[in-house]
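Trainee: My request is simple: use the sequences and hints to build the entire structure.
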Amino acid sequence: MEIRVQAEPFDFGAEAGAFAARQAGMGAVVTFTGIVRDLEGGGLRAMEIEHYPGMTEKAIEAIASEAADRWHTGDLLVIHRYGPLAPGEMIMMVATAAPHRADAFQAAEFLMDFLKSRAPFWKKEVAQDGADWVAARDEDEDALNRW
Amino acid sequence: MEIRVQAEPFDFGAEAGAFAARQAGMGAVVTFTGIVRDLEGGGLRAMEIEHYPGMTEKAIEAIASEAADRWHTGDLLVIHRYGPLAPGEMIMMVATAAPHRADAFQAAEFLMDFLKSRAPFWKKEVAQDGADWVAARDEDEDALNRW
Amino acid sequence: MDVLYFAWVRERIGHPKDCIETPPGTVRELVEDLCSREERYAAAFADLSALRVAVDQQLSDFDAPLDGVREVAFFPPMTGG
Amino acid sequence: MDVLYFAWVRERIGHPKDCIETPPGTVRELVEDLCSREERYAAAFADLSALRVAVDQQLSDFDAPLDGVREVAFFPPMTGG
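Protein chains in written order, with my numbering: chain A, 1 to 147; chain B, 1001 to 1147; chain C, 2001 to 2081; chain D, 3001 to 3081.
Simulated from the structure, these hints should not be mistaken for lab results.
Be a bit skeptical, because a hint or two may be false.
Said to hold, decoys possible - In silico contact screen, one side only, chain C against chain B (beta carbon under 10 Å); selected entries:
no. : residue
1   : 2057
2   : 2069
3   : 2081
To be verified - Covered stretches of chain A (chain B as the covering partner; in silico rule of three or more C-beta atoms under 8 Å from a C-beta of chain B):
no. : region
4   : 7-14
5   : 27-34
These numbers come from a predicted model, not from an experiment.
Just so you know, even glycine gets a beta-carbon here, dropped at the ideal spot from N, CA and C.
Mentor: Here is the structure:
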């Protein structure tokens, strides 16, 4: 299990390729990557991501450990950035490996649902005419109930 | 939408990275890749994949079109190999892009479930002591019923 | 009309393709005609529930009519992905 | 004990951190103490249902005791991923 919380960009293709290449005995690898979307109609200058140093790593580790307990998985990888990001930049990624595809998909979706609402990150959209904290969506909270 | 049925290997990391990099306006990219697993206890010489040239491309295109109709997705990519593959080699990959993660995950799982049981590929495991066609699993057929 | 065989259906029959000059009315009748030819066809088609059929490269069923059809294929359940 | 603020809680209060010499019994009492200090705390804590609290870097709730606690943090619902 590898967890990285960093300001620097990461190379999604290189990370995904290296992760898949080292999964001996696993039949399935799933990746997710989140990308900064521009606002409707454009104008996003930056997406600023604040986090809680110290707690962030612990919270992600707890989420990933639970995923590894619940499903028959091999390795898990989580990378999450903080700081200012431009539209089109990658915010984060997860990768999961498992003998069978259902476990790899379930573990990846579980990781994403909990990273979204239970890891201490906060997003702020900075546009030409001001900045706004992104509000948590009810559907993201609801998504936790399926697990 | 891009569909490739080929004997040649593909570079999963490069394909995943290039796919994610060209998804302007999409917030989420999901990839799946299937890897040849060795037999329990080892001894797999090759996984031979037979397909139905002509029908294969059409069947995958129909599956991908249905995924694009059912979910709010951006681009979709499917690469599937045929011919003899060694343990550890990548058999196939899908990549999906969507504004939101739920659509990207659902489209990828739908693609995988239908590629598994509705695209004309057949797997044969060649071991030291003989060769066996891989039997379709009931749970793969059952997986179609959830859609 | 071309009749194609894949995977273990091809192996049991021993070749990948037959050409039929005057096709019968349905897929099921085609199977019966083939089975009456030789034992290896009867062996390949012994359990139709273990087989799938495509008519002109579309998944179909054994009651499908063959009028105007150019290609029929028989194969076991698919194992892609 | 350190009290940390994140996102708009931090912005409304105007700084990221307070140090409390003698903590009260629970998180809720801590909030009451802070609100009585200055209007900007009262503004930040006006709607507790819009806030989350972590006690020693674990998600917790407003009834959690503070005995032996080294760090409490207040923030809005998280928006990671």
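Trainee: Once the shortest beta carbon distance from residue 2057/C to chain B is found, is it less than 10 Å?
Mentor: Because about 4 Å separates residue 2057/C from the closest Cβ in chain B, which is inside the 10 Å limit, the hint holds.
Trainee: Hey, does the residue 2081/C contact hint survive, CB to chain B under 10 Å?
Mentor: holds, 4 Å
Trainee: Taking beta carbons only, do three or more residues of the region 7-14 of chain A come closer than 8 Å to chain B?
Mentor: It holds: at least three residues are needed, and the region 7-14 of chain A offers 4 whose Cβ sits within less than 8 Å of chain B.
Trainee: Given residue 2069/C as an interface hint, is its Cβ closer than 10 Å to any Cβ of chain B?
Mentor: The hint is violated - residue 2069/C has no Cβ within 10 Å of chain B, the shortest such distance being about 14 Å.
Trainee: Report holds or violated for chain B covering the region 27-34 of chain A, Cβ cut-off 8 Å, minimum 3 residues.
Mentor: Coverage by chain B holds here, the residue count being 8 at a Cβ distance below 8 Å.
When held up to the earlier numbered hints, the structure conflicts with hint 2 and nothing else.
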